[in-house]
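Trainee: Here is how the chains run, residue by residue.
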Amino acid sequence: MKLQGKHYFDIFWILFFGGIMITAFGYRYKARLIPMVVTLPCLAFAIYRFIVDLRGKEEEGATGEDILLQGIKEKVEGVSLGFKQKSRMKLTAAEKRRRLLDISLWILIFLGLIFTVGFLYAIPIFTVAYMRIKRESWVLSVLCAAGLWVGVYLAFVVGTRSYLYEGLVIPLLRNQ
Amino acid sequence: MKAQKLIGLALAVLMIGAFAATVQAAPTQEDLDFYKGKLVTYIVATKPGGGYDAYGRLVGRYLQKYLPGSTVIIKNVPGAGHIIGANEVYLSKPDGLIIGTFNTGLIYSQIVGQEGIKFDLTKYSWIGKASSETRVILAGNKTTYQTIKDVLDSKDEIKVPASGVGSQDFNETSVLAIALPAKFKPIPGYGGNEGEMAILRGECQVIIGSYTGLMGFIKSKECRVLLQFGSEHKIPALANVPHISELSVSPRGKSLINLVNNIDMIGRLTAAPPGVPAGRLEVLRDAYKKAVTDPEILQEGAKLGLEFDPAYGDDVQKMIREAINQPEDNLKLLKEIIKIE
Amino acid sequence: MGKGITGGHAMSLWDGIWGGLAAATSWPACALMLLTIPIGLVIGIIPGMGGNMGLALLIPFTFGMQPIAGFAFLLGMHAVVHTGGSIPAILFDTPGTGPNAATCIEGFPMAQKGEAGRALGAALTSSMLGGVLGAIFMAMIIPVLRPLVLAFGPPEFFMMAIMGLAFISLMAGESLLKGLMAGGMGLIISFVGMDPQTGVVRFSYGMLGLMDGINIVTVVVGLFALAEVIDMGVKGGAIAHTESADVKGTGVMQGIKDCFTYWWLLLRCSIIGNIIGIIPGLGGDAAAFICYGHAVQTTKQRDQFGKGCVEGVIATDSAHNSKEGGALIPTLAFGVPGSSGMAILLGAFMILGVSPGREMFTKHLDLVFSMVWVLVFANIIAVMLCLPFAGKMAKITFIRTSVMIPFILVCGILGSYLTTSKIGDILITVIFGGVGYAMKKFDYARGPLILGIVLGRIAENALHVSLNLYGLMFLFRPITLILLIITLATVLFPVYKDRVKKRTARGGIG
Numbered sequence: 001m002k003l004q005g006k007h008y009f010d011i012f013w014i015l016f017f018g019g020i021m022i023t024a025f026g027y028r029y030k031a032r033l034i035p036m037v038v039t040l041p042c043l044a045f046a047i048y049r050f051i052v053d054l055r056g057k058e059e060e061g062a063t064g065e066d067i068l069l070q071g072i073k074e075k076v077e078g079v080s081l082g083f084k085q086k087s088r089m090k091l092t093a094a095e096k097r098r099r100l101l102d103i104s105l106w107i108l109i110f111l112g113l114i115f116t117v118g119f120l121y122a123i124p125i126f127t128v129a130y131m132r133i134k135r136e137s138w139v140l141s142v143l144c145a146a147g148l149w150v151g152v153y154l155a156f157v158v159g160t161r162s163y164l165y166e167g168l169v170i171p172l173l174r175n176q
Numbered sequence: 001m002k003a004q005k006l007i008g009l010a011l012a013v014l015m016i017g018a019f020a021a022t023v024q025a026a027p028t029q030e031d032l033d034f035y036k037g038k039l040v041t042y043i044v045a046t047k048p049g050g051g052y053d054a055y056g057r058l059v060g061r062y063l064q065k066y067l068p069g070s071t072v073i074i075k076n077v078p079g080a081g082h083i084i085g086a087n088e089v090y091l092s093k094p095d096g097l098i099i100g101t102f103n104t105g106l107i108y109s110q111i112v113g114q115e116g117i118k119f120d121l122t123k124y125s126w127i128g129k130a131s132s133e134t135r136v137i138l139a140g141n142k143t144t145y146q147t148i149k150d151v152l153d154s155k156d157e158i159k160v161p162a163s164g165v166g167s168q169d170f171n172e173t174s175v176l177a178i179a180l181p182a183k184f185k186p187i188p189g190y191g192g193n194e195g196e197m198a199i200l201r202g203e204c205q206v207i208i209g210s211y212t213g214l215m216g217f218i219k220s221k222e223c224r225v226l227l228q229f230g231s232e233h234k235i236p237a238l239a240n241v242p243h244i245s246e247l248s249v250s251p252r253g254k255s256l257i258n259l260v261n262n263i264d265m266i267g268r269l270t271a272a273p274p275g276v277p278a279g280r281l282e283v284l285r286d287a288y289k290k291a292v293t294d295p296e297i298l299q300e301g302a303k304l305g306l307e308f309d310p311a312y313g314d315d316v317q318k319m320i321r322e323a324i325n326q327p328e329d330n331l332k333l334l335k336e337i338i339k340i341e
Numbered sequence: 001m002g003k004g005i006t007g008g009h010a011m012s013l014w015d016g017i018w019g020g021l022a023a024a025t026s027w028p029a030c031a032l033m034l035l036t037i038p039i040g041l042v043i044g045i046i047p048g049m050g051g052n053m054g055l056a057l058l059i060p061f062t063f064g065m066q067p068i069a070g071f072a073f074l075l076g077m078h079a080v081v082h083t084g085g086s087i088p089a090i091l092f093d094t095p096g097t098g099p100n101a102a103t104c105i106e107g108f109p110m111a112q113k114g115e116a117g118r119a120l121g122a123a124l125t126s127s128m129l130g131g132v133l134g135a136i137f138m139a140m141i142i143p144v145l146r147p148l149v150l151a152f153g154p155p156e157f158f159m160m161a162i163m164g165l166a167f168i169s170l171m172a173g174e175s176l177l178k179g180l181m182a183g184g185m186g187l188i189i190s191f192v193g194m195d196p197q198t199g200v201v202r203f204s205y206g207m208l209g210l211m212d213g214i215n216i217v218t219v220v221v222g223l224f225a226l227a228e229v230i231d232m233g234v235k236g237g238a239i240a241h242t243e244s245a246d247v248k249g250t251g252v253m254q255g256i257k258d259c260f261t262y263w264w265l266l267l268r269c270s271i272i273g274n275i276i277g278i279i280p281g282l283g284g285d286a287a288a289f290i291c292y293g294h295a296v297q298t299t300k301q302r303d304q305f306g307k308g309c310v311e312g313v314i315a316t317d318s319a320h321n322s323k324e325g326g327a328l329i330p331t332l333a334f335g336v337p338g339s340s341g342m343a344i345l346l347g348a349f350m351i352l353g354v355s356p357g358r359e360m361f362t363k364h365l366d367l368v369f370s371m372v373w374v375l376v377f378a379n380i381i382a383v384m385l386c387l388p389f390a391g392k393m394a395k396i397t398f399i400r401t402s403v404m405i406p407f408i409l410v411c412g413i414l415g416s417y418l419t420t421s422k423i424g425d426i427l428i429t430v431i432f433g434g435v436g437y438a439m440k441k442f443d444y445a446r447g448p449l450i451l452g453i454v455l456g457r458i459a460e461n462a463l464h465v466s467l468n469l470y471g472l473m474f475l476f477r478p479i480t481l482i483l484l485i486i487t488l489a490t491v492l493f494p495v496y497k498d499r500v501k502k503r504t505a506r507g508g509i510g
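Listed in order, the protein sequences are those of chains F, D and G. Take the first sequence: its letters are residues 1 to 176, numbered as in our numbering. Take the second sequence: its letters are residues 1 to 341, numbered as in our numbering. Take the third sequence: its letters are residues 1 to 510, numbered as in our numbering.
Heads up, some of the hints might be wrong.
Claimed, not checked - Restraint ranges, calculated between C-beta atoms of paired labels, are given here:
{"hint": "1", "chain 1": "F", "residue 1": "159", "chain 2": "D", "residue 2": "144", "range": "50 to 56 Å"}
{"hint": "2", "chain 1": "G", "residue 1": "431", "chain 2": "F", "residue 2": "171", "range": "38 to 44 Å"}
{"hint": "3", "chain 1": "D", "residue 1": "258", "chain 2": "F", "residue 2": "11", "range": "56 to 62 Å"}
{"hint": "4", "chain 1": "G", "residue 1": "488", "chain 2": "F", "residue 2": "105", "range": "48 to 54 Å"}
{"hint": "5", "chain 1": "F", "residue 1": "147", "chain 2": "D", "residue 2": "68", "range": "34 to 40 Å"}
{"hint": "6", "chain 1": "F", "residue 1": "171", "chain 2": "G", "residue 2": "143", "range": "35 to 41 Å"}
{"hint": "7", "chain 1": "D", "residue 1": "250", "chain 2": "G", "residue 2": "35", "range": "57 to 63 Å"}
{"hint": "8", "chain 1": "F", "residue 1": "147", "chain 2": "G", "residue 2": "237", "range": "19 to 25 Å"}
The set of hints was computed from the structure by calculation and includes no laboratory data. Ideal placement from N, C-alpha and C gives every residue a C-beta, glycine not left out.
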């Protein structure tokens with residue numbers, strides 16, 4: 001039986017509720033009462049779902065988002081004038097996985113930038129990098145980056161005088 | 001001959017003077033110059049927008065005025081009931097460029113040995129405190145308690161709302177219950193201003209909290225103010241309300257009341273990490289003193305509802321030491337009251 | 001001490017209302033109000049800037065103002081923050097303020113369907129009407145104010161929270177079990193942190209940053225905005241999955257019309273939101289979510305919920321503005337602020353010379369009503385300012401993802417950080433981004449998770465306090481009992497209806 005994505009997600013739920021339950025065990029009565037009341041049935045549900053998913057056939061793909069898109073299609077067909085659904089390429093599973101990895105990596109890159117050089121540097125660097133690699137023009141990339149940076153600066157540094165996290169590198173450089 | 005003696009005397013005087021100067025660690029020009037062009041980070045252990053943040057930003061601006069050439073910025077480091085911020089100040093480089101403000105209630109947390117604490121309150125380089133937090137004991141209008149004596153004499157259990165086990169109001173209620181003594185039973189679970197609603201509904205009879213926090217409730221005349229504490233003397237607004245020092249209590253009660261009072265008197269404190277060079281610490285203390293006594297800061301503070309009742313440097317250190325160094329049986333008692341697992 | 005406009009003795013209701021109107025429209029009050037309304041909108045639109053930040057910024061300027069002018073200045077801003085906050089919620093799945101998280105649930109799917117204009121029209125209009133209706137309702141119940149507020153204590157809060165949680169069963173969509181699991185996760189998340197009942201720090205695994213618990217905005221931004229970023233990265237295209245905005249039935253006008261089509265829902269949610277605001281103890285965040293659940297409960301098109309149903313937007317947005325009006329009541333009547341924003345306002349009011357309490361509602365009724373009028377005008381003006389731009393704002397949802405992804409990612413993560421000022425929280429946001437994407441993909445409704453977070457702690461705490469004060473007998477208090485019956489009815493009625501349907505189908509009637 002090939003393990004699909006949804007099986008991994010079922011396992012995630014089991015691990016989550018299981019872990020919480022084990023942790024809650026260690027607390028005194030009053031502190032663990034309600035968490036246990038919540039976790040026990042949920043753990044049971046999670047295990048049940050996992051078993052059902054293992055036994056069931058591979059679904060024909062009627063996930064929530066397909067229902068949404070179906071809803072749009074129905075709406076589209078019901079309307080008379082000039083309303084085309086965006087022609088989308090049919091994405092293969094492999095292509096979807098590659099793109100998922102791609103966007104996940106970009107998010108991690110952004111996080112990494114924030115933790116090293118802080119928001120005020122991370123924001124323009126990331127924006128330009130992302131847009132350029134996704135083949136937007138230099139002009140647009142720099143404009144968007146500048147726009148975001150100016151907006152953030154005016155609203156939060158000047159406006160509310162908030163402290164925007166500076167990352168780990170900048171303070172080290174400052175103290176040289 | 002005479003000249004030699006005179007020179008010798010002059011030298012001796014100079015040496016004594018110099019020695020005295022270093023002992024007092026008077027700020028030298030070098031120390032003052034150190035701050036020119038430097039960035040001073042003032043850590044506030046709360047999110048932006050609360051009382052500590054307001055005081056921090058106000059004092060920070062005037063600190064900058066009296067540390068010529070410097071820039072003072074506020075860095076908010078919230079979390080874990082001020083513990084994260086206090087930790088960060090404690091562990092920062094003691095170069096005199098990082099200072100911070102946090103809740104004095106952390107004394108309770110340190111006494112009890114709360115997990116996650118990386119500081120020792122007695123070791124900070126204390127700069128000063130900006131105000132006292134006057135606290136009050138109120139009774140709801142629905143109750144029969146007209147004076148504090150009624151409360152102390154009450155044979156029934158008196159329910160007092162508290163935000164949570166281990167919170168400052170919970171700890172104070174428990175300590176006062178033993179110190180006064182009074183039959184206070186703290187009921188945890190009333191966060192924010194919920195406690196006042198509990199008094200209105202009659203679920204609880206008495207509430208203990210900060211005067212400024214309860215001011216709206218007091219002005220609405222839905223309650224009676226029975227006692228004040230937390231500042232050295234009565235405050236003008238509460239001239240007719242007895243001060244805790246007027247009560248007669250046992251010696252143990254007195255030392256416990258001192259603990260509570262000291263914690264509240266050291267309101268809006270400012271400290272630097274342990275080990276700041278004496279000269280720079282003195283510059284900071286000096287600038288702080290000038291900042292919180294500047295007539296303009298008092299004016300601005302009045303606009304924002306922020307009052308000033310400052311104390312500085314060694315006085316604050318003394319108060320902290322007094323509060324933490326409790327006799328052994330008090331420590332045991334406190335650990336029992338604040339039983340957090 | 002700011003005296004009442006007309007004098008010293010008790011005022012009639014009529015005098016109060018007209019006196020208040022005169023005050024609210026006087027100079028310089030109305031000018032100041034016009035000045036701060038746009039500020040409130042901008043603060044609401046920018047995720048991470050809360051209304052409290054705005055109040056903190058404006059209060060220093062009120063020194064020396066007359067009370068009426070001061071109220072107009074502050075309330076003008078405060079009343080419209082959530083109105084602005086719905087805009088990024090609909091366009092980018094990023095709530096501008098905490099209560100706007102509920103708007104994301106239906107508002108963003110509408111944008112995905114190309115109906116952003118309609119969603120904005122409905123959101124703005126229902127915000128305005130909700131705020132106005134809430135103010136009117138509040139004025140009407142002033143006579144019975146005191147007994148009403150004091151009738152709700154911890155037992156009633158517990159039951160109301162349970163009732164709200166029962167709505168999870170309605171929001172679960174296709175699979176009830178999956179909805180319950182999501183709700184369960186939400187409840188657990190709400191338990192993270194120091195337990196007020198025992199002082200035990202739960203589920204923090206040694207991390208100090210978790211000792212205060214997990215903020216709902218942190219989770220919502222991850223669960224919705226970041227999950228959408230991942231989804232956009234995979235699918236490409238634009239937020240809206242359709243070609244263009246110029247289609248009949250999707251524009252701003254339609255949204256406005258919807259508010260009148262569903263006027264009964266709007267009215268009910270305004271009242272419920274107002275009541276929740278009046279009774280401190282439930283938390284204002286809950287208002288929008290409870291009304292959302294109520295909308296699911298009473299709608300005729302339940303299968304549309306979760307896919308972009310305009311009723312969901314109307315319910316949430318009328319509630320979050322009406323609750324602000326409600327929160328004024330305990331603040332003015334008892335000096336007990338109904339929310340943290342109200343605590344700041346109360347401080348400002350006292351500096352301006354106003355003392356809360358019974359006198360407010362007898363001698364200074366016109367001051368109270370001047371605030372009510374300011375709320376009414378501010379709501380109307382704010383929406384009048386936004387509606388002309390709503391159509392253009394909706395077009396943003398048609399911009400391609402390579403531009404939108406950096407924009408939403410930056411705003412979302414920055415907003416999450418600014419809400420709590422803890423840099424570690426952006427990690428939580430990203431983790432929930434992953435969880436949210438998986439939930440979307442595998443058909444787990446996200447609404448129940450949010451509902452669990454909002455109500456979990458309140459329910460548990462109220463339960464323990466009730467037991468502490470009254471023992472198990474607390475269940476037999478009259479209002480508690482009524483709420484219990486409503487809850488059971490909510491959960492059992494759909495089951496009963498299904499059974500009846502099955503029986504009739506089998507019986508071959510008709």
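Trainee: State the violated hints by number, sorted upward, taking the hints as numbered earlier in the document.
Mentor: Going through the list in order, the structure violates hints 2, 6 and respects the others.
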